[in-house]
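Asks: Two independent chains are provided; combine them into the complex using the hints.
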Amino acid sequence: MIPEIGHFALVLALVIALVQSVFPILGTVTNNAQWVAMAKPTARAQLLFMSIAFACLVISFLDSDFSVRYVANNSNTLMPTIYKVSAVWGAHEGSLLLWGLILSVWAALVSIFSKGISAVMLARVLSVMGMIGVGFLLFMLLTSNPFERLFPIPAEGRTLNPLLQDPGLAIHPPMLYMGYVGFSVAFAFAIAAMLGGKLDAAWARWARPWTNVAWVFLTIGIALGSWWAYYELGWGGWWFWDPVENASLMPWLVGTALIHSLAVSEKRAAFKSWTVLLAIFAFSLSLLGTFLVRSGVLTSVHAFASDPERGLFILIFLVLVVGSSLVLYAIRAPKLRSTGTFSVISREVGLLVNNVVLVAMTATVLLGTLYPLFIDALGMGKISVGPPYFNTLSLPLGIVLFSAMGFGLFLRWKKDKPERLFAKVRWVLLLALIIAFLVPILFMESFTVKAALGVFLASWVSLTALLWVQEQGRSPFKLPLAIWGAAIAHIGMAVTVAGISLTSMYSVEKDVRLDKGETYEMAGYLFAFNGVEKVQGPNYIAQRGEIVITRKGEAIATLHPEKRNYGQGTMPMTEAGIDGGFFRDLFVALGEPLGEQAWSLRLYHKPVVNWIWLGAALMSLGGFLAAFDKRYRMVRRRSQKLTPKQSDALAATATKQEVTA
Amino acid sequence: MTARHKRIVFIILGLCAVAAASMMITQAMKSNLAYLYAPEAVLAGEAPKDRLIRLGGLVKKDSLVRSQTSLDLSFVLTDNRGHEITVNYNKILPDLFKEEQSAVVKGKLTADNQFMAEEVLAKHDAEYMPPEVKDVLEQEHTPKADAKQEVKY
Chain A
1 MIPEIGHFAL
11 VLALVIALVQ
21 SVFPILGTVT
31 NNAQWVAMAK
41 PTARAQLLFM
51 SIAFACLVIS
61 FLDSDFSVRY
71 VANNSNTLMP
81 TIYKVSAVWG
91 AHEGSLLLWG
101 LILSVWAALV
111 SIFSKGISAV
121 MLARVLSVMG
131 MIGVGFLLFM
141 LLTSNPFERL
151 FPIPAEGRTL
161 NPLLQDPGLA
171 IHPPMLYMGY
181 VGFSVAFAFA
191 IAAMLGGKLD
201 AAWARWARPW
211 TNVAWVFLTI
221 GIALGSWWAY
231 YELGWGGWWF
241 WDPVENASLM
251 PWLVGTALIH
261 SLAVSEKRAA
271 FKSWTVLLAI
281 FAFSLSLLGT
291 FLVRSGVLTS
301 VHAFASDPER
311 GLFILIFLVL
321 VVGSSLVLYA
331 IRAPKLRSTG
341 TFSVISREVG
351 LLVNNVVLVA
361 MTATVLLGTL
371 YPLFIDALGM
381 GKISVGPPYF
391 NTLSLPLGIV
401 LFSAMGFGLF
411 LRWKKDKPER
421 LFAKVRWVLL
431 LALIIAFLVP
441 ILFMESFTVK
451 AALGVFLASW
461 VSLTALLWVQ
471 EQGRSPFKLP
481 LAIWGAAIAH
491 IGMAVTVAGI
501 SLTSMYSVEK
511 DVRLDKGETY
521 EMAGYLFAFN
531 GVEKVQGPNY
541 IAQRGEIVIT
551 RKGEAIATLH
561 PEKRNYGQGT
571 MPMTEAGIDG
581 GFFRDLFVAL
591 GEPLGEQAWS
601 LRLYHKPVVN
611 WIWLGAALMS
621 LGGFLAAFDK
631 RYRMVRRRSQ
641 KLTPKQSDAL
651 AATATKQEVT
661 A
Chain B
662 MTARHKRIVF
672 IILGLCAVAA
682 ASMMITQAMK
692 SNLAYLYAPE
702 AVLAGEAPKD
712 RLIRLGGLVK
722 KDSLVRSQTS
732 LDLSFVLTDN
742 RGHEITVNYN
752 KILPDLFKEE
762 QSAVVKGKLT
772 ADNQFMAEEV
782 LAKHDAEYMP
792 PEVKDVLEQE
802 HTPKADAKQE
812 VKY
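The listed protein sequences derive, respectively, from chains A and B. Counted from 1, the first sequence has number 37 at position 37 by the working numbering; the numbering is strictly sequential. Each number in the working numbering corresponds to the 1-based position in the second sequence with 661 added.
Watch out, some of these pointers could steer you wrong.
What the hints assert, rightly or not - Simulated pairs of lysine-lysine, BS3-like, Cα-Cα distance not exceeding 30 Å:
| hint | chain 1 | residue 1 | chain 2 | residue 2 |
| --- | --- | --- | --- | --- |
| 1 | B | LYS721 | A | LYS510 |
| 2 | B | LYS767 | A | LYS510 |
| 3 | A | LYS115 | A | LYS335 |
| 4 | B | LYS722 | A | LYS516 |
| 5 | A | LYS198 | B | LYS667 |
| 6 | A | LYS516 | B | LYS667 |
Everything labelled a hint here was simulated from the structure, so no lab data went into it.
Same shape as in the complex, but just chain B (with noise of 0.2 Å):
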């Protein structure tokens, strides 16, 4: 083989090797992206069900309610502007989530808007909120002045 030849085999290899990459990498991003709503999305309708996607905003007080045999539990998620989902799980919750306080879930929606979860993330720091739940919660196209209630992070 000459040294042409050789650098041709080369490119077509990278070029097949390439190809192969992208169409792996759109397949693994396909089915594992989770997109992020806020409660007042999924009202609306614009989450769609059944399918894996991650819920942001705070944990309403006094919503969450234990089993008393197993670790079935169920919280309510809001927006602190009326709009609330109410989370379903079985798992152990993380060490920082409180009521009041930011989480973000990751799972499904049933079809009358209940959420099944997988996973419960809370902050990992008792100064940090998660940027996106900040952004979330604030994003809302609600005036201003309805914002003000005091929300500690």
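The following block holds chain A by itself, in its conformation from the complex (with noise of 0.2 Å):
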């Protein structure tokens, strides 16, 4: 019974989706008001019903109910509770059906916080949203149904991929999907606003904190799957430009580019166009990054099922946004002026410089990312685009990017003076070196050049963010959240990039061969390996290895990685024994057994690779922040939109206050 309800709701979804994406823009277009007023209610509507459906399906795999194919095919009654929720997204119908969930709850929250938007313009938004909707609903009803039920019921079901049974995991793709379909706001905006023709500061102001929560959430959602890699897949590693994980990158690197691009559009009437493309790019991706993780067209550890069926309606529907979008835009592009000049020195080619390297990078990636399926697809050949080729090319572009970074937060709109700027710069500038040259040299084995200029890129960064705040000349608390936002992300990305090239750099990875009571010494460690036993956990059982770990005799740590089967014909996990630290993470896992009592092992000595997530967790806070600045509020409480000249105004003050600083 209960998965018929959600079926039925899905179907009523569909429908009200339809409706949704019909009528409102066709009243703006007729100035009909009723129909312009449907779209809060039916944004509303499909909250509701996308919610029964996933509750239904919560429901069945709590009850363990196998008539359910999806539900058979992934879960059974040992596992633990909080994976048989996580399992409603572990595999391909479930997921879209989150997808389609979260779609709908961004939709009712923009309903929800419309206040101070023109009803018309928010019935093309909601409507926008609406077809979305409905082209995901058409997927999944047509293609992927997850209530489809299953005869005869088997008396146990299969189990969720081992993979997923983790707690990182089991929040990585919603919050990934948060950013995914996050995106569609300010898509959906973009479009909007092409449709009336107008693009004014009003658009970008709003979209703005939209699309920061939105790139909050997918800042989190890769930087879970990031960590979970790292300490779930045994390899150690923590990013590997796996062609999904590129996928989620591309989206995350544009949305970038938007935040703050948006900003040069809301405060000085410039990079109107741009702006409006990369909201498009932005969620383009998104799908992209779908389709390519559902057609199976990729070799990777997400491609787990592959239907051509789906795949081809992805990629049609990909086609059909992009083409749409694109031709809407090549329409209404010309007439979009810019009346915002700038010269060559100002915050506006600050931002310019970001936005570009940010779409340089994105291209690389998707480049090598598709590539071999051009490639492929062509008969030339199976190739594979190595990480070298992402490494060679991400480092220029990010040398740019953070020097730019520097600066950057410190230009003025419009014009600006280079003697000025550097002038405010310049004992940054030195101290920035000095750190360069000492924390190599102080505290590492040895000194390198590419270390030295990560950690003078992070330090130059994370101390122009400060000084900037301490320019402000205000109380600290008294600081707008969003002065405080950008300083915080900034400094995270700082202790991403320490992270990434000081563990890069510094890392001592070694595989060995240990026999029950042998000792391996490795970067002052002394590890001993006291064999290996047999555990049994809820639905797996482990072999589970000590191994003490000391320093010049005193005791570090004891770890327990474990070699995990979860049966039934799934693969063997790898559970890392990590012990974590601010300065060091000491990895031990488990290879595979070489005889009697030896084993294969891998042990890893890795300097500060938790600031590559700490960095993410500040970025992810400092979006937050930026996002809930009172700013955004009141303009919505005013209600007006800001002519130009006002929006100057607005800018001049904000130089006048840096001035007085």
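Replies: Written as structure tokens, this is what we have:
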């Protein structure tokens, strides 16, 4: 019964989505106020029915209702409750349902926090989101219905992919989807603004907090995925340039560019058409990510099931979305005049550099990800593009980006003097240089140029951000949240950069063969292997090793890496033993048994690896603070669109604050 | 500077950036592309020696030989039609590495057709087989009847 209710709710949601995508937008054309007013209630009803459908699937999982094929394939009675719930989005059908649910959550949120936006604009925005909803609901109902029944009913289900039976991964997909789908709001705003033919500061101001929040979720989602890969896959790596990782990185890069470009569009009425284009691309790349993951065209950790029919559907949907929005853009863009002028040294150009570099990064990642697909499709052989390709190209782009980041905060809108800028930052520059040389010499075994460069850029970015906060000349408690947000996000990026460069330069990784009782010394630590014993878990059997780590006779940690077997023909899982810390991680993973008591073991010493994720957490915090700046709420309450003149005045006061500082 | 000048400067800068980027990309691509070969193609001498390539196939039954003192090991990759290449490796094999299962190895080929692997990739999921390996195993110009051996992916 419950699955049928869920299925029915999905069908109803589709009908409502159709109404939502047709009537409000038609109402704006025909001046039918009643149709326009349908936007809000349909968006909320959509959320209601998607929630019902989702709840039905959750209940089916909790009840272990194996008459539902999707439940039978991904769950069994032995699984802990948390994984029964996370199994809902553990495979294709359920994750699509989650996608749809999150889309309706975003649409309903837009309908709630819409005071001050004109009814016509809101109708357009919600209609566009309704159209996306129609696409995904059709996809779900036609090719991947999560409520499909299974006969005969099996007595016991199979199991959730053991890789996914982990708390970090239980919340990784919802976070990532919140980010992916969140960009649909910015996208819908851009499309709506183009339909209205008016791209003023208002739409940018409107889209900014939404884009920020979506970006925050995407940041958290990507960081969780990377962290999970680090401790769960047992390779000790945190980023593999795997095509699906790339698929999530691309919307993030474009989203980051969008956040900065929206600032210019709002405050200076420049970059207008460019911003719209970024909004379209951020969401299109999210869709592309979904397509790449779900179509099975990629060889990847994430490519579980491949079904050409599904891939084709998403591809058509992708082409429709990208195609129609680009057509609309082509028609409207020539009319969009960017009124704000600026000179070569100005904050606008600083942000332009940010945008150009981020888009260039996206392009290189896109090329590296899709190139093998094209070559294969053309029958020219099967190639893989290795991580060195991505690393080689991100390095120079990153250097440009991070150098500009430090200057950018101090640049004035419209026109600035290089001398003034340099006078402000020269001491910071010197300090960053000193730190860059001291850190590798004092704290690391050897000096390398790359590490020094990484430390320099990181300290340059974070010190300039701190100086900038101090320059505001106000008590830190009275500063607008947007200022804090920007500073913290920049510092977060710096922390991540420091983590990446130091850990990739100074990690020691060793695969060794150890007999029970043998020891191995690495990076000053002595690893003693005490053998392996069998342990029974709730739904798995594990081989559990014991490694005692000492340093100069002093006990540091006892680690218990495991090799788990979840039965049912699934792959064995490696649970690494990690002694984590602020300055270094010690990482031990079991390899394979090599005879009587001997095992192959992976021993890693990774300096400051946790900074990578600490930085991501700071970035998320920064994005969040900025999204909740009072300014956005006040503007909404005032409910008036500012004329360009007024926004000039706003910008002028902003510059004045900097001058007084 | 007039608006026109500015636009020209921006366009020139943009073109320079694009040119620099495409140069860097082609360079980076050139040194980091790894083509996938089948054992048959390697034996036919189609694969370059001493360059980073990938080799895909099935791990031959009972071919895994380990050293008693270190992690050194070797195994044979086959296409089940008698074309075999010996692969040498000195790191930990992935969890799903098994004899009679598919694997892709990345590394270099020596002059006497020994493969020195830097990385061994097995599939990620018990049911999942990398499409590329499937292609390599199926694509050969052998008659269908020959390929009838039961291969479980």
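Asks: Look at each hint and say if it fits the structure.
Replies: Evaluation of the provided hints:
1. B/LYS721 x A/LYS510: 28 Å, holds
2. B/LYS767 x A/LYS510: Holds, at roughly 19 Å.
3. A/LYS115 x A/LYS335: 28 Å, holds
4. B/LYS722 x A/LYS516: Roughly 29 Å between the alpha carbons, so the hint for B/LYS722 and A/LYS516 holds.
5. A/LYS198 x B/LYS667: Distance ~26 Å between A/LYS198 and B/LYS667 Cα, so the pair holds.
6. A/LYS516 x B/LYS667: Given pair A/LYS516, B/LYS667 is violated - Cα atoms ~72 Å apart, limit 30 Å.
In summary, the one numbered hint that this structure violates is 6.
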